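One line per chain: the protein sequences are C and B, in this order.
Take 1 as the starting number for the first sequence in my numbering and just add one per residue.
Take 1 as the starting number for the second sequence in my numbering and just add one per residue.
Rather than coming from a laboratory, the hints here were simulated on the basis of the structure.
Nothing here was measured: the structure is a model prediction, and the numbers come from that model.
A virtual CB, placed ideally from N, CA and C, is assigned to each residue, including glycine.
One or more hints might be untrue.
Said to hold, decoys possible - Computed Cβ-Cβ distance ranges for the label pairs, DEER-style:
1. Leu252/B to Leu24/C: 32 to 38 angstroms
2. Leu30/C to Arg296/B: 52 to 58 angstroms
3. Asp249/B to Ala62/C: 22 to 28 angstroms
4. Lys162/B to Val531/C: 49 to 55 angstroms
5. Arg296/B to Tyr31/C: 50 to 56 angstroms
6. Leu252/B to Glu13/C: 17 to 23 angstroms
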Amino acid sequence: MNGLGFLRDVRFEAPRFLDALWLLPLLVVLYLLRRRASRVDVPFLPFWERVLASRRRKPSFARAVLSVLLQAALFAAAVLALAGPFVETPAAAVSRTTFVVADRTAAAAPFSAEVAARTAAVAAEAAEGGPVALVAWTAGGLRSVRAADDVRPLDEAVRLLPPPRGGRDPETLAHALAALDPAGRVVVVTPFSVPEGGPLARAGVVAAGAADGYRNGGIRGATRDGDALLVRVDGAEGRGVVATAAAFGRVVVPADKGGVVRVPLATDFSGRVGLELDPVDPWPEDDAAAFDVAPGRRVAVAVAAAGETPALDAALRASGLVDARRSGRVEPARWREAAAGFDVVVLVGRDEESPLPAGRYLLADATAPGLPLARVEGPTKARATRRAGEARWLATLDPDEWEIRKASVFAATAGADVLVEGDRGPLFVRLRRGDVDAFALTVPPTEAASTLPLLPAFPLMVRGMLEDLAPAAVSPAVVAVDPAGLRPPFSETPEPAGAREPAAGPPARPGPPIRSSLRAVVFAALLVLLVAEWWLYHLGATD
Amino acid sequence: MTAAAVLADAARELLDPAFVARLERLELNVRRLLGGERRGDVPMNRRGPGVLFRGHRRYVAGDDPRFIDWNAYLRLGELVLKEFDAEESARLTLFLDASASMTAGGGVKFAQALRLAAALGFVALARHVPVRFVPLPGPGGEATFDGKGRVGALLAALAATKPGAKTGFLRAFQAAAPAGRAPGVALVVSDFYDVDEYAAGIKFLRRRGFHVEALHLFTPDELRAETLGPVLLRDLESGRTLRATLRPDLVLAYRETVERHFAEVAGQCRATGAGYHRLDAREPLESLVLATLRARNVVR
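Please model the complete structure; the sequences and the hints are all you need to start from.
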């Protein structure tokens with residue numbers, strides 16, 4: 001209280017009683033209308049004068065006024081006492097309980113000793129600022145080991161931490177943390193980092209120290225790649241992918257650092273494939289997945305060429321992607337009529353006079369209006385100079401081995417993606433224009449034109465082109481049975497060496513305001529006023 | 001003449017006829033009042049012939065043989081002598097306080113004073129003792145009555161006395177008992193609130209040779225206050241007022257003051273050789289006269 005300034009903060013529990021103060025003027029009215037003294041005839045007044053002179057002073061108007069004021073003050077004090085005056089002062093910040101949560105899940109088992117030691121240190125430091133409760137995170141929830149008001153020493157309680165077991169269920173953990181005192185501070189001691197926005201991220205997390213390189217691994221997805229199932233894995237180094245299917249039984253493929261594991265799969269395979277990482281890691285939820293592989297089919301190819309193309313035909317057959325029953329040669333002049341029934345049209349040695357209709361094309365020494373590729377010069381010698389494309393199927397091509405004996409010179413314009421360059425112009429180009437998707441080989445696919453058909457890269461190039469042009473055909477859909485299971489449930493990585501400063505917990509809340517009743521003060525004043533009024537009356541001041 | 005015959009209608013208010021019949025059997029104990037049974041600072045040795053028989057004594061040589069009671073000699077065989085009170089001393093003066101203070105208590109005190117004076121006056125007149133009625137403070141209103149036939153006049157005079165004046169004992173006594181006038185017995189019926197003059201007045205009467213009997217009338221109401229709290233006290237005689245707030249302690253202190261005054265009056269009377277009798281005015285008159293005053297030998 002600062003002088004009388006606190007009077008501004010006085011409030012009342014029952015302010016309705018204050019309305020009675022309006023009756024104060026009534027006291028003055030009552031005084032003015034007070035009962036007049038009754039007349040008493042006495043036989044001899046001097047006797048009364050003698051008595052009164054020895055007992056009192058003559059009442060004065062001032063004393064009468066003082067008496068009225070005292071009575072008014074008495075009435076006001078009584079009204080104030082009934083109204084229940086009080087003042088509230090803000091309470092100092094109260095010490096809050098620190099909940100030290102020790103990670104005792106199975107995933108933290110390898111770091112049990114580090115977690116225990118770090119928990120003891122954190123608890124000891126927190127105990128300097130207030131009460132400490134020790135909690136074990138185990139079996140998907142929290143288990144109290146030592147309450148805040150427990151008298152046992154902290155180091156003794158740390159020894160009572162349960163052995164690591166149980167999974168790390170984030171939802172259960174979130175509910176358990178929410179059940180703790182919201183005014184308290186939560187510090188989690190764990191050997192792992194925590195994902196953003198997770199329940200642990202909202203608490204203060206203290207690293208317990210962990211070994212390097214330990215991370216959660218799992219199966220993240222799978223796609224068909226012709227005769228293989230490409231399985232994307234994460235953190236599976238040193239482990240293997242076990243594929244099981246009714247068609248082929250069990251296959252184990254070691255995982256490498258690339259993150260993709262190729263599981264051999266017959267090109268006509270379809271059905272469910274079960275995948276599992278071996279061995280499983282402490283987060284087994286994402287270490288297994290099942291995929292339904294849709295039935296695949298081959299590419300229907302139409303070849304429109306004026307002459308024989310034995311090298312091209314051989315490369316098409318060697319790709320393993322061409323559906324021989326649905327593929328064939330078409331009249332070069334009438335290929336447009338049959339193109340709709342094929343997946344890919346191969347045009348050899350002709351420049352179309354009209355734009356290509358929508359579709360997928362493999363152009364060999366051919367072009368068409370509207371494409372960003374134009375023939376500019378007649379056949380001449382050339383040689384490959386550089387491989388620009390990054391496609392895997394192009395990686396086997398050595399430009400130095402590709403010699404062009406006789407080929408036209410083409411020029412590529414904007415929109416053409418040159419995959420192989422030559423000294424006279426582009427040799428292999430990726431073209432996309434509207435609904436036309438094409439690869440263009442500016443060199444005839446004959447041994448007479450170049451050494452390309454003789455290179456082992458040629459059939460791979462053909463296969464790669466077919467895969468690019470018709471992926472749905474050559475790579476049927478692979479659908480995960482449980483897509484949610486592919487997500488890492490609680491992907492964590494170990495903390496780097498050194499402790500991380502715990503996140504700032506909730507700020508210390510001030511306690512509830514302290515209410516100080518002023519009733520006792522008012523009653524004391526009331527008593528003083530009563531004594532004063534009695535004293536005045538006793539002195540005969542009242543009249 | 002019967003008692004009823006002598007009482008006028010107005011006088012009937014003062015004395016009950018039945019009480020009057022009983023009063024006829026009383027007499028003032030003049031001998032005691034006038035005799036030497038009381039000591040005082042005014043010696044009284046007056047003896048000798050008179051109309052009031054006082055008693056017998058043995059005859060000794062030298063006594064006047066005219067007063068030998070021969071009837072007693074025939075009965076007793078002894079010579080005894082009759083003795084009589086002096087005629088001049090057998091006079092009753094009734095001083096009646098008619099001041100305003102006598103009306104305190106609703107007039108009960110004054111009414112009782114009138115009745116008391118009437119009773120004693122009747123007793124005196126019935127025994128052929130002249131009665132002089134002197135209302136205080138006077139002047140005026142005095143009258144002398146002699147003989148039983150004047151009882152009615154005495155009662156009428158008493159009934160006609162109205163209170164309201166201011167007391168003044170000394171001046172009134174001085175006026176009523178000038179030098180040379182025969183004294184006798186003086187009955188002062190008053191409330192004795194004339195604190196300034198009552199003592200001097202009593203002394204004056206005693207020096208004049210009166211045998212004074214102070215009949216101090218009071219009412220219990222004078223010793224207490226019926227009203228507490230704020231009051232306006234008014235003196236009945238002077239009319240002065242005093243505003244006060246009466247509390248029990250003040251009332252008690254007032255009672256003590258009045259009691260002290262009463263004791264002072266008694267002391268002054270006795271110191272001057274006067275008789276003092278405090279009488280409760282609310283007590284029935286018959287009890288006052290037939291019991292109290294008789295027990296104190298004022299009447300017999």
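Of the numbered hints stated previously, which ones are contradicted by the structure, given in increasing order? Structure breaks hint 6 only.
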